[in-house]
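Engineer: Read off the chains here:
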Amino acid sequence: MLSSERRSFFRFFSIYLGSTFILFLLATFIFYDYQKYQIIEIQNTELNIEAERITQRLRQLNQTFTQELTYPYKNPFDSAIYNIDKEYIFGSFTPKNILWDKEYYQDENKLYHMHPLYPYYLGASHLIISKEINQEPIDNLLKMSILFLLIAGIFFTLLGLLLGRLFIAPMKESIERMNKFIEDTTHEFNTPISTILTNIELIDTVYDCEGKQELKRIEIASKTLSRLYEDLTYLKLNHNYHREIESISISNLLENRIEYFNTLIESKELKVTQQIEQGIVFDIDKNDAIRLIDNILSNAIKYNQKEGNLEIILNSKNFIVRNSGLGIRKEDINLIQNRFKRANTSEGGFGIGLDIISQVVERYNFKFTINSIYNKSTEVEILWKK
Amino acid sequence: MEKVIIKSLLIGTFIITSSNAEVPTIIQNNCLACHTKQKIPSELIYRRYLLKYSTNEKIKESLFGYLKNPKKETSIMPKQFFLKFPEKAALDLNDTALSESIDVYLEYFDVKKKLVLP
Chain W
1 MLSSERRSFF RFFSIYLGST FILFLLATFI FYDYQKYQII EIQNTELNIE
51 AERITQRLRQ LNQTFTQELT YPYKNPFDSA IYNIDKEYIF GSFTPKNILW
101 DKEYYQDENK LYHMHPLYPY YLGASHLIIS KEINQEPIDN LLKMSILFLL
151 IAGIFFTLLG LLLGRLFIAP MKESIERMNK FIEDTTHEFN TPISTILTNI
201 ELIDTVYDCE GKQELKRIEI ASKTLSRLYE DLTYLKLNHN YHREIESISI
251 SNLLENRIEY FNTLIESKEL KVTQQIEQGI VFDIDKNDAI RLIDNILSNA
301 IKYNQKEGNL EIILNSKNFI VRNSGLGIRK EDINLIQNRF KRANTSEGGF
351 GIGLDIISQV VERYNFKFTI NSIYNKSTEV EILWKK
Chain D
1 MEKVIIKSLL IGTFIITSSN AEVPTIIQNN CLACHTKQKI PSELIYRRYL
51 LKYSTNEKIK ESLFGYLKNP KKETSIMPKQ FFLKFPEKAA LDLNDTALSE
101 SIDVYLEYFD VKKKLVLP
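Chains as they are written, first to last, in this note's numbering: chain W, 1 to 386; chain D, 1 to 118.
If you are wondering where the hints come from, they were derived from the structure by calculation, not from laboratory data. Some hints here could point you the wrong way.
[What the hints assert, rightly or not] Chain D regions said to be covered by chain W (calculated; three or more residues, Cβ under 8 Å):
#	segment
1	49-59
2	104-114
[Unchecked claim] When the alpha-carbon atoms are kept at most 25 Å apart in a straight line, the in silico DMTMM-like pairs for lysine to aspartate or glutamate are as follows:
#	chain 1	residue 1	chain 2	residue 2
3	W	Lys172	W	Glu5
4	W	Lys110	W	Glu41
5	D	Lys52	W	Glu50
6	W	Lys86	D	Glu107
Even for Gly, the Cβ is constructed at its ideal location relative to N, Cα and C.
Let the hints inform the model, and build the full structure from the sequences given.
Structural biologist: In structure tokens form, the structure reads like this:
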């Protein structure tokens with residue numbers, strides 16, 4: 001799966017799964033809350049039945065009114081009676097913070113039931129009865145709710161995976177078709193470009209002919225085509241390309257690549273300043289390193305002014321290429337790193353250069369920054385940060 | 001049937017009140033002397049007040065008003081009660097003495113003192 005496909009897939013998947021999860025969480029919470037209310041309601045009914053029993057006993061006590069009145073206490077129910085002024089008369093406990101206007105309420109792990117009395121047997125107008133809440137059915141309900149969420153989560157994750165694949169299928173097909181086209185095109189490019197470059201070199205070396213300037217132009221054009229071929233092949237094969245990580249002298253490689261671009265530099269009559277520290281070595285795939293350096297140099301040359309400056313700095317900390325070129329608008333800096341996006345169309349190219357640079361930088365955990373002043377200069381920095 | 005209940009309650013009350021040795025003098029003189037003599041159940045009256053008014057403050061207010069100006073219509077007892085017992089005459093007590101007597105009466109019958117846990 002390509003990174004763009006993966007991105008689209010994960011975006012769809014996270015939106016789908018996130019919204020489904022929120023919906024189910026909400027539904028489960030409402031269900032749990034309602035069921036818990038029902039459980040508490042049942043336990044309140046038990047309290048109400050006991051309150052009725054106590055009321056009957058109070059009525060009997062009020063009738064007999066013997067010297068000693070035995071309060072109808074029955075374990076596990078605690079109860080107390082209050083007069084109409086809400087003053088405590090008697091009981092097996094003295095509850096605190098009574099909510100007089102509630103039929104029942106919870107306080108910590110106890111359930112309280114308020115039972116109004118009339119007539120006022122033994123002067124009592126309120127009977128408060130309490131019992132420890134039976135947590136078992138509530139715990140079971142919670143377990144059931146979590147289990148339901150888990151099962152629903154697994155089911156909708158699987159469904160999401162299936163839907164996600166269906167969702168990205170058309171995009172995948174388009175990308176595959178495009179890649180196939182690039183593959184076929186680049187394949188057809190390779191042989192003629194190689195032939196042109198070999199023969200230019202041969203003419204330049206063996207024959208002392210006129211028209212050196214024209215030959216150089218052909219060489220530049222052919223090298224540009226060659227790089228495009230290399231870049232397109234790199235992008236096409238990037239996700240399944242087998243890398244050979246080896247210790248590469250970046251210093252030597254950079255010098256070679258500058259030499260490779262020499263014809264192009266000369267044609268633009270650029271003033272090149274080099275500060276290349278020797279012995280900079282990294283464990284990197286050679287093709288990755290070439291693509292990184294080539295694309296940075298190529299852009300710096302291509303988008304430079306004629307007779308402009310080109311400053312190349314390499315040290316153990318970073319690699320900087322600075323030109324006195326066209327510059328990039330501030331709002332375009334982030335956009336140009338996307339594939340096929342170009343801030344300036346005055347020069348040839350597909351807009352894949354910065355995409356390749358970004359991929360290499362990401363793969364090796366380097367840091368990549370572009371600083372540009374529009375119409376003045378552009379500085380590209382690769383920070384060799386691990 | 002109602003008469004039978006009232007009778008048995010009166011007898012029960014009389015026995016209780018008679019057997020209670022700790023009856024305060026003020027109640028004995030101002031209340032129970034007549035109540036015992038005429039077999040009028042003072043404890044039953046207290047219970048009826050309790051059933052209707054719930055708190056000692058409200059009972060006292062109502063009882064005070066009744067004792068100052070006793071009438072069948074304002075009595076806590078049912079009309080049938082007066083078929084058996086005579087209508088009460090107004091007490092010859094000043095307000096302070098009457099108030100004090102009611103306080104002692106309510107204290108004497110106070111339900112809080114009677115209630116115990118099993």
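Engineer: Hint by hint, say whether it matches the structure.
Structural biologist: Cross-check of the supplied hints:
With 8 residues carrying a beta carbon less than 8 Å from a beta carbon of chain W, the segment 49-59 of chain D meets the three-residue requirement, and the given coverage holds. Figure legend: the segment 104-114 of chain D, annotated as covered by chain W; annotation consistent (3 residues with Cβ-Cβ distances under 8 Å, at least 3 required). Taken as a hint, the Lys172(W) and Glu5(W) pair is honoured in the structure, with Cα atoms around 7 Å apart against an allowance of 25 Å. Straight-line distance between C-alpha atoms of Lys110(W) and Glu41(W) comes to about 13 Å, which keeps the hinted pair within the 25 Å bound.
For the hint linking Lys52(D) to Glu50(W), the alpha-carbon distance of about 24 Å falls within 25 Å, and the restraint holds. Annotation: proposed proximity of Lys86(W) to Glu107(D) holds, straight-line Cα distance about 19 Å (limit 25 Å).
Against the hints set out earlier in the document, no violation occurs for any number.
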